[in-house]
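Chemist: The chain contents come next:
Protein chains: 2
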Amino acid sequence: MIRPLRLEPLTREVFAPYGEVIETFGAERRMINEGTTERFHALAHADVSAGGGTAILSIFQASRRRFPVAVRMLEQHPLGSQAFYPLSDDEWLVVVGEGNDTPDPATLRCFRATGRQGVNYARGTWHHPVLVLQPQQCFLVVDREGPGSNLSERFFDPADHRLISP
Amino acid sequence: MIRPLRLEPLTREVFAPYGEVIETFGAERRMINEGTTERFHALAHADVSAGGGTAILSIFQASRRRFPVAVRMLEQHPLGSQAFYPLSDDEWLVVVGEGNDTPDPATLRCFRATGRQGVNYARGTWHHPVLVLQPQQCFLVVDREGPGSNLSERFFDPADHRLISP
Numbered sequence: 001m002i003r004p005l006r007l008e009p010l011t012r013e014v015f016a017p018y019g020e021v022i023e024t025f026g027a028e029r030r031m032i033n034e035g036t037t038e039r040f041h042a043l044a045h046a047d048v049s050a051g052g053g054t055a056i057l058s059i060f061q062a063s064r065r066r067f068p069v070a071v072r073m074l075e076q077h078p079l080g081s082q083a084f085y086p087l088s089d090d091e092w093l094v095v096v097g098e099g100n101d102t103p104d105p106a107t108l109r110c111f112r113a114t115g116r117q118g119v120n121y122a123r124g125t126w127h128h129p130v131l132v133l134q135p136q137q138c139f140l141v142v143d144r145e146g147p148g149s150n151l152s153e154r155f156f157d158p159a160d161h162r163l164i165s166p
Numbered sequence: 001m002i003r004p005l006r007l008e009p010l011t012r013e014v015f016a017p018y019g020e021v022i023e024t025f026g027a028e029r030r031m032i033n034e035g036t037t038e039r040f041h042a043l044a045h046a047d048v049s050a051g052g053g054t055a056i057l058s059i060f061q062a063s064r065r066r067f068p069v070a071v072r073m074l075e076q077h078p079l080g081s082q083a084f085y086p087l088s089d090d091e092w093l094v095v096v097g098e099g100n101d102t103p104d105p106a107t108l109r110c111f112r113a114t115g116r117q118g119v120n121y122a123r124g125t126w127h128h129p130v131l132v133l134q135p136q137q138c139f140l141v142v143d144r145e146g147p148g149s150n151l152s153e154r155f156f157d158p159a160d161h162r163l164i165s166p
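Keeping their order, the protein sequence lines are chains A and B.
Mapping of the first sequence onto this note's numbering: residues 1 to 166, in sequence order.
Mapping of the second sequence onto this note's numbering: residues 1 to 166, in sequence order.
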């Protein structure tokens, strides 16, 4: 019997230990371009320069997994932040945990993001690969390219798996 | 009488002198996340480190100008690239020109981008502020934050203005 993982709303405040929430709500606004454009400024900051890295933009096309999904592992990018912003107005799920070399399964949390909320995982934040609720959802991703190994994965003991039922 | 500016389709090839086109079509694909995600890798590269800059993510909410629009000026960011990716599947317009200290009005070009095409203006590329065709369109923007002056604007002589009628 896999224990369930509760879904929580995503806000800047609850996500602060893990990174940045990318949303216009509550953001600094600047009018530019002769008043024709509103700039919601610096919603996220790429932190990718470690080890000579630079920021690249990619698109991820994520397919829905069969729900309920068992959270069996987390990954981290030790050399850089990684930002996701949805390209369709569909909800998606953000799963994170705490820990240094290994995430503590007791700290797992799952946030339900709206289709107008992105996240920027801070460098080293343990997180689950992207989970979507529609058959396919695309994201613009800003992360690090450069020398060095920028991916760690940790698999949990089966007794520590947690179940997500959106 | 302001001379018209012809609209051209946006492709990687025609846009290469000005920067990168951000689109999945023709891109390098990598399967990741146990085969549940397709990564269209490194569609654009942030070039923002000049003068101690870093990459930030912002959202631009652009309002439609009254068409036909007269192109009266261009701007450039001498210290960094600037990427735009549309957050709704609506066409938009990309206006660029060539020149070093000042853009040559004879080189003005206007590209019609689809709602699934972004661009990353190369550092120093002369371009017009974003032009949208719907009443409001949002974009995720990746550009430079850091010390120094990163905006130049050049206004054309009225005889060199060009008219865009989408």
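It is possible that some hints are incorrect.
To be verified - Per the computed footprint, the stretches of chain B lying under chain A, defined by three or more beta-carbons under 8 Å from a beta-carbon of chain A, are:
id: 1; segment: 5-18
id: 2; segment: 36-46
id: 3; segment: 105-112
id: 4; segment: 119-131
id: 5; segment: 139-153
None of these hints come from the bench; they were simulated from the model.
We put the CB at the ideal spot given by N, CA and C, even for glycine.
Chemist: Cut-off 8 Å, C-beta pairs, minimum 3 residues; does the coverage of the segment 36-46 of chain B by chain A stand?
Modeler: Holds, because 11 residues of the segment 36-46 of chain B bring their Cβ atoms closer than 8 Å to Cβ atoms of chain A.
Chemist: If you count the residues of the segment 139-153 of chain B with a beta-carbon closer than 8 Å to a beta-carbon of chain A, do you get 3 or more?
Modeler: holds (count 4)
Chemist: Are three or more residues of the segment 5-18 of chain B within 8 Å, CB to CB, of chain A?
Modeler: violated (count 0)
Chemist: Given as covered by chain A, does the segment 119-131 of chain B meet the bar of three residues or more with CB within less than 8 Å?
Modeler: Satisfied; 3 residues make the cut.
Chemist: Would you check chain A against the segment 105-112 of chain B, counting CB to CB pairs closer than 8 Å, and say if three or more residues qualify?
Modeler: violated (count 0)
When held up to the earlier numbered hints, the structure conflicts with 1 and 3 and fits the remainder.
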